[in-house]
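The listed protein sequences derive, respectively, from chains A and B. Just so we're aligned: the first sequence equals residues 1 to 386 in this note's numbering. Just so we're aligned: the second sequence equals residues 1 to 146 in this note's numbering.
Honestly, the hints are just simulated from the structure, not real lab data. Being a predicted model, the structure only gives us computed values, none of them experimental. It is possible that part of the hints are untrue.
The calculated DMTMM-like cross-link candidates involving lysine to aspartate or glutamate, where the alpha carbons are at most 25 Å apart (straight line), are [to be verified]:
hint, chain 1, residue 1, chain 2, residue 2
1, B, LYS65, A, GLU364
2, B, LYS4, B, GLU21
3, B, LYS11, A, GLU305
4, B, LYS27, B, GLU115
5, A, LYS385, A, GLU314
6, B, LYS122, A, GLU305
7, A, LYS129, B, ASP125
Quick list of the computed label-pair ranges, beta carbon to beta carbon [claimed, not checked]:
hint, chain 1, residue 1, chain 2, residue 2, range
8, B, LYS122, A, GLU266, 57 to 65 Å
9, A, LYS2, B, GLY137, 37 to 45 Å
10, B, GLU52, A, SER119, 43 to 51 Å
11, A, LYS320, B, GLY37, 35 to 43 Å
12, A, SER119, B, LYS122, 33 to 41 Å
13, B, ASP125, A, GLU19, 45 to 53 Å
14, B, PHE57, A, LEU205, 42 to 50 Å
15, A, ALA121, B, LYS122, 39 to 47 Å
16, A, SER101, B, VAL58, 42 to 50 Å
Covered stretches of chain B (chain A as the covering partner; in silico rule of three or more C-beta atoms under 8 Å from a C-beta of chain A) [what the hints assert, rightly or not]:
hint, region
17, 52-64
18, 98-112
Here a beta-carbon is modelled for each residue, glycine too, at the ideal position from N, C-alpha and C.
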Amino acid sequence: MKHRVAIVGAGQGRFGVREDASQRELAFEAVAAALKDAGTTLKSVDSMVTAVAADEFSFALQPSAQMHDYLEFYPKANFRVEGACASGTMALRVGWMTIASGLADVVLVLGTEKMTEVSTAQATEIMGKGGDAIWEYPFGMTFPGYYAMVARAHMAAFGTTEEQLAMVAVKNHFYGNQNPLAHMPKEITLEKALNSFMVAYPLKLYDCSLITDGAAAVILASEERARDFAKPPVWIEGIGTATDTMRIADREHLHTLRATVEAAKEAYQRAGIGPDEIDVATVHDCFTIAEICAYEDLGFCPKGEGGALIEARETYIGGKIPVNVDGGLKSKGHPVGATGVAMAVEITKQLRGECGSRQVPNAEVGLTHNVGGSGQVVGVTIYRKD
Amino acid sequence: MEFKDFSLFIKYTKVGAPFVEALASGKVFGTRCETCGRTFFPPRAECPDCLEESMTFVEIPTRGKLLSFTSIFVPPAHYGVSPPKMPFAKVTQIPCPVGVVEVEGGIRVMGWIPEVALEALKVGDPFEVQAKTLKNGQVTIVLSPI
Ligand SMILES: CC(C)(COP(=O)(O)OP(=O)(O)OC[C@H]1O[C@@H](n2cnc3c(N)ncnc32)[C@H](O)[C@@H]1OP(=O)(O)O)[C@@H](O)C(=O)NCCC(=O)NCCS
Ligand SMILES: [Zn+2]
């Protein structure tokens, strides 16, 4: 890309049901971790962007002001960016633009959501209305419901099985168990996943991501400043963003997230590489079927072969393309506004070789894939080790 | 005539009243742009191609095939049942399947599937779209096998 922007600091707080902390306190944990990682303080940060998906979870307007207030970041710039569950990646994009345009040299990108202060039924309603509130929600649609329709269509077209879906959950829990910041660090068996209760047919409990509280932050720097920090920079090599219809019913193929295909095409083109060159990826596994679609729509395998890819364990470390070795949204958790930033944190640490037992050996190029809603807006980002 | 609710926010649209009245009389309406002839479902008031507001309401085709379906066992608060007052008691809800039918001409219609058991549903089955008035006066769309 024309201007080079690097990640120079990355931090995440503990994901989980965080009854012990407010949203601004969660944000502080992540920002402090990112600043310490960069070996710097807020004094060196010129500008800030905050991702929060829903006011309904924050119980207050302008959640971003709560964040810059608690950080005492004022009077420097900060505002909120929203793209549903892709808010984090959209904030990263705005942070990138702020530097690429010359407006600032060092930018803090923060993502946070506190989802568990409402009941599951209320969270399900808030997110269900994130589909088309006029035309889809009247049929009792929920987020698991939208992806259940994706799953049914995928199964009918390609013979994908419930076992293959469950295998995604088994993998992500296997790696989540090795992530000290994960919401649900425990291994599960295929039987446990297959026998869990039905949420939206055919998706069961273990096909669903978690409802999570959490925050994540990265510090971005311009090429001129990228080497002024504690660790070697990780370069943002390509950004792609694309959109699709509000209603999933209007998609040409219900089993394909066209916005993923288009965002990936843009990101690969800007980075000048193809899917075969990706060493490690975090993809948006809000539901197990979504990870299988992502394998295909990102080009890790041909369309329709995502089920076979997980069955052959090709997305484990040692396979063709390790995916979500941080536990993914399934086991690490999915505080919606934080997720995209948390993905960038994971890839930064993977490319620096800091991930311990779940480190992908010699990872040089990474990819994050973050979906807003049921594919209304998607961001794909490609990163390269210095 | 009293406004027969279809969804939470449809009152506040330009197309809500005719759409809802049509459902009450057994018809499913889309809109057609008089300038370019493009048909829209769900109905909309403006054509994004022509930037014109010259729409007429038209009945959409109703026969087609089932594209996908689900049944939602964890409903939003709005659609759920309240917890029972009897200690230790449990209430379970048997949800009605929902699906999407593609009718002739390619329009996609979401609706309830009250007549078919979940296990018996298959993607690709021939289905028909019908307007339906519920006992409480609310109007909705159902999908029935042909
Ligand atoms: C699947 C879902 C409905 C379950 O929520 P729930 O019914 O309230 O579950 P509960 O909180 O009552 O928990 C029941 C048990 O399952 C566990 N659990 C909850 N969600 C889980 C999940 N997604 N996966 C695995 N276990 C889960 C709980 O820890 C609890 O375990 P315990 O009995 O050992 O304490 C909820 O997690 C959900 O809606 N997930 C999807 C979130 C979503 O749509 N995000 C946006 C996507 S873009
Ligand atoms: Zn027109």
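Here's how the hints hold up against the structure:
At most 25 Å may separate the alpha-carbon atoms for a hinted pair to count; LYS65/B and GLU364/A exceed this at roughly 47 Å. Between LYS4/B and GLU21/B the alpha-carbon distance is near 7 Å, which keeps this suggested pair within the 25 Å criterion. Between the alpha carbons of LYS11/B and GLU305/A the distance comes to roughly 44 Å, so the proposed pair goes past 25 Å and is violated. Of the pairs offered as hints, the one joining LYS27/B and GLU115/B holds, with about 19 Å between alpha carbons and a cut-off of 25 Å not exceeded.
Distance check on the hinted pair: LYS385/A and GLU314/A sit about 23 Å apart at the alpha-carbon level, within 25 Å; holds. Distance hint between LYS122/B and GLU305/A is fulfilled; the C-alpha atoms sit about 21 Å from each other, no more than 25 Å. Taking the CA atoms of LYS129/A and ASP125/B, the gap is about 29 Å. The hint is violated against a cut of 25 Å. Distance hint check: the CB atoms of LYS122/B and GLU266/A are about 37 Å apart, inconsistent with the given range 57 to 65 Å.
About 60 Å separates the C-beta atoms of LYS2/A and GLY137/B, a value inconsistent with the hinted range of 37 to 45 Å. For GLU52/B and SER119/A, the hinted distance range of 43 to 51 Å is satisfied, since their beta carbons lie about 45 Å from each other. Here the CB-CB span from LYS320/A to GLY37/B is close to 48 Å, at odds with the stated 35 to 43 Å. The hinted window of 33 to 41 Å between SER119/A and LYS122/B holds, with their beta carbons roughly 35 Å apart.
A beta carbon spacing of about 47 Å between ASP125/B and GLU19/A agrees with the range 45 to 53 Å that was offered as a hint. Distance hint check: the CB atoms of PHE57/B and LEU205/A are about 43 Å apart, consistent with the given range 42 to 50 Å. Take ALA121/A and LYS122/B: their Cβ atoms lie about 31 Å apart, and the range 39 to 47 Å is violated. Checked against the given bound of 42 to 50 Å, the beta carbons of SER101/A and VAL58/B, roughly 47 Å apart, stay inside it.
With 0 residues having a beta carbon nearer than 8 Å to a beta carbon of chain A, the region 52-64 of chain B misses the requirement of three or more and the stated coverage is violated. Here the region 98-112 of chain B counts 8 residues with a CB under 8 Å from a CB of chain A, which clears the bar of 3, and the coverage holds.
Violated hints for the displayed structure, listed by number in ascending order: 1, 3, 7, 8, 9, 11, 15, 17.
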